[in-house]
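Line order of the protein sequences matches chains C and E.
Residues 36 to 150 in this note's numbering are what the first sequence spells out, letter by letter.
Residues 345 to 456 in this note's numbering are what the second sequence spells out, letter by letter.
Just so you know, not all the hints are guaranteed correct.
What the hints assert, rightly or not - Cut-off 30 Å, straight-line C-alpha distance, at most; resulting in silico cross-link-like pairs (DSBU-like, lysine-lysine): (1) E/K393 to E/K413; (2) C/K106 to C/K44; (3) E/K393 to C/K44; (4) E/K393 to C/K106; (5) E/K413 to E/K366; (6) E/K402 to E/K366; (7) E/K421 to E/K366; (8) E/K421 to E/K393; (9) E/K393 to C/K92.
To be verified - Quick look at which bits of chain E chain C covers, simulated, 3 or more residues with Cβ under 8 Å: (10) 381-388; (11) 436-443; (12) 447-455.
As the list claims (entries may be wrong) - A short list of chain E residues far from chain C (calculated; beta carbon distances all over 10 Å): (13) P351; (14) P362; (15) T364; (16) T368; (17) F378; (18) S414; (19) T416; (20) S417; (21) V427; (22) D429.
No wet-lab data here; the hints were simulated from the structure.
The beta carbon of each residue, even a glycine, is placed where N, CA and C say it ideally should be.
Chain by chain, the residues run as shown.
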Amino acid sequence: DGGITQSPKYLFRKEGQNVTLSCEQNLNHDAMYWYRQDPGQGLRLIYYSQIVNDFQKGDIAEGYSVSREKKESFPLTVTSAQKNPTAFYLCASSPPFGGQGGELFFGEGSRLTVL
Amino acid sequence: AQSVAQPEDQVNVAEGNPLTVKCTYSVSGNPYLFWYVQYPNRGLQFLLKYITGDNLVKGSYGFEAEFNKSQTSFHLKKPSALVSDSALYFCAVKGGYNKLIFGAGTRLAVHP
Numbered sequence: 036d037g038g039i040t041q042s043p044k045y046l047f048r049k050e051g052q053n054v055t056l057s058c059e060q061n062l063n064h065d066a067m068y069w070y071r072q073d074p075g076q077g078l079r080l081i082y083y084s085q086i087v088n089d090f091q092k093g094d095i096a097e098g099y100s101v102s103r104e105k106k107e108s109f110p111l112t113v114t115s116a117q118k119n120p121t122a123f124y125l126c127a128s129s130p131p132f133g134g135q136g137g138e139l140f141f142g143e144g145s146r147l148t149v150l
Numbered sequence: 345a346q347s348v349a350q351p352e353d354q355v356n357v358a359e360g361n362p363l364t365v366k367c368t369y370s371v372s373g374n375p376y377l378f379w380y381v382q383y384p385n386r387g388l389q390f391l392l393k394y395i396t397g398d399n400l401v402k403g404s405y406g407f408e409a410e411f412n413k414s415q416t417s418f419h420l421k422k423p424s425a426l427v428s429d430s431a432l433y434f435c436a437v438k439g440g441y442n443k444l445i446f447g448a449g450t451r452l453a454v455h456p
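Extracted from the complex, chain E is given alone in its bound form (with noise of 0.2 Å):
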């Protein structure tokens, strides 16, 4: 069965330090990968995706997502961070029947 795991419940990190913020992923075959972000009571917002291609995917807001198979991992970037990207983010894989598959979150905070 498909599945994603989010490690850590929080990421912490100044503003202007790169970000990074972990995803793995189990599925059988090839995988259809998905972030997204959420503000406090606000529906999902699609940040990017990996279908096929290029292993690093740039999506919006300046972030980024290198897809590694070997690690079977899609870890999110963004260079510098701000202030307002402080929310929570989900890492997604697609199931059957165009299904999303989520996982638990991680709560990005960014310091000033």
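Bound conformation, chain C alone (with noise of 0.2 Å):
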């Protein structure tokens, strides 16, 4: 089936420690996003990228790094200077605007624990 797989579901990190989650996706799609989640503030945008080894941050970038080498695949790294990383991580993507409306598809998410 067509989707969008984020792995791992669950992770724990200690403090000082870069983690880096998987996105991929297998619908051909050429836009990715990476949103983080915290309760009650919504979807926050940390990166995206509208094509193939290139990508712009969003509204809340830093402590975070991200890499588009292949169509299928955009990993996010949370590094150590991320100050407070403990959240839901949700990867997205999209087809060009101009196809279908512009919705995007979301994969099922990332839970990241700072001990």
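Join the two chains, each given in its own frame, into one complex according to the hints.
Next up, the structure:
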């Protein structure tokens, strides 16, 4: 089945460690996104990528990094510089806007807890 | 700058009654509006969208939304609520570069 796969589902990290969250899609979508979800704050955009080998910072990019070496993959690294990394992270993808109206397709999320 | 507001943190409704989850928006130009639903520890599922055309948009699971340009609103509705509709609902508006800007979410609780 086509979709977006995020892994791991749950991740625990010690302070000072970098962690990488995986996001893979087989929908042949060009654009991919990372959002962070905190209780009562909705979703906030961390990074997005419209095409391979190109990505832009979102609203809360500090302490995060990404790469887009393949169309199917958009991993997110949460670095030790991120001061409050405990959150639920959601990856999404979308086709070009003119094609299907712009809705995003989401993965099941990764919950990161810093101990 | 584009934004959306969901004025209610939680909506409570009895099963079988109609439900409304409110959303207002602020955009320059024509809005592209979306509703998503999220169940606990899950990703977001797309319900419906308004791009252009009829102000009443029908979506998944019997949900619909009414676009009102004069009131800058896009309220989500369902004629008869089910207990299984209990979830977190997000309204969103398209920003630049095909990004979506989300509201804070409204928790819907449907009681038997």
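Hints, verified against the model:
no.: 1; hint: E/K393 to E/K413; verdict: holds (15 Å)
no.: 2; hint: C/K106 to C/K44; verdict: holds (22 Å)
no.: 3; hint: E/K393 to C/K44; verdict: holds (28 Å)
no.: 4; hint: E/K393 to C/K106; verdict: holds (26 Å)
no.: 5; hint: E/K413 to E/K366; verdict: holds (14 Å)
no.: 6; hint: E/K402 to E/K366; verdict: holds (16 Å)
no.: 7; hint: E/K421 to E/K366; verdict: holds (9 Å)
no.: 8; hint: E/K421 to E/K393; verdict: holds (13 Å)
no.: 9; hint: E/K393 to C/K92; verdict: holds (26 Å)
no.: 10; hint: 381-388; verdict: holds (count 4)
no.: 11; hint: 436-443; verdict: holds (count 4)
no.: 12; hint: 447-455; verdict: holds (count 3)
no.: 13; hint: P351; verdict: holds (13 Å)
no.: 14; hint: P362; verdict: holds (25 Å)
no.: 15; hint: T364; verdict: holds (19 Å)
no.: 16; hint: T368; verdict: holds (14 Å)
no.: 17; hint: F378; verdict: violated (6 Å)
no.: 18; hint: S414; verdict: holds (23 Å)
no.: 19; hint: T416; verdict: holds (18 Å)
no.: 20; hint: S417; verdict: holds (18 Å)
no.: 21; hint: V427; verdict: holds (23 Å)
no.: 22; hint: D429; verdict: holds (19 Å)
When held up to the earlier numbered hints, the structure conflicts with hint 17 and nothing else.
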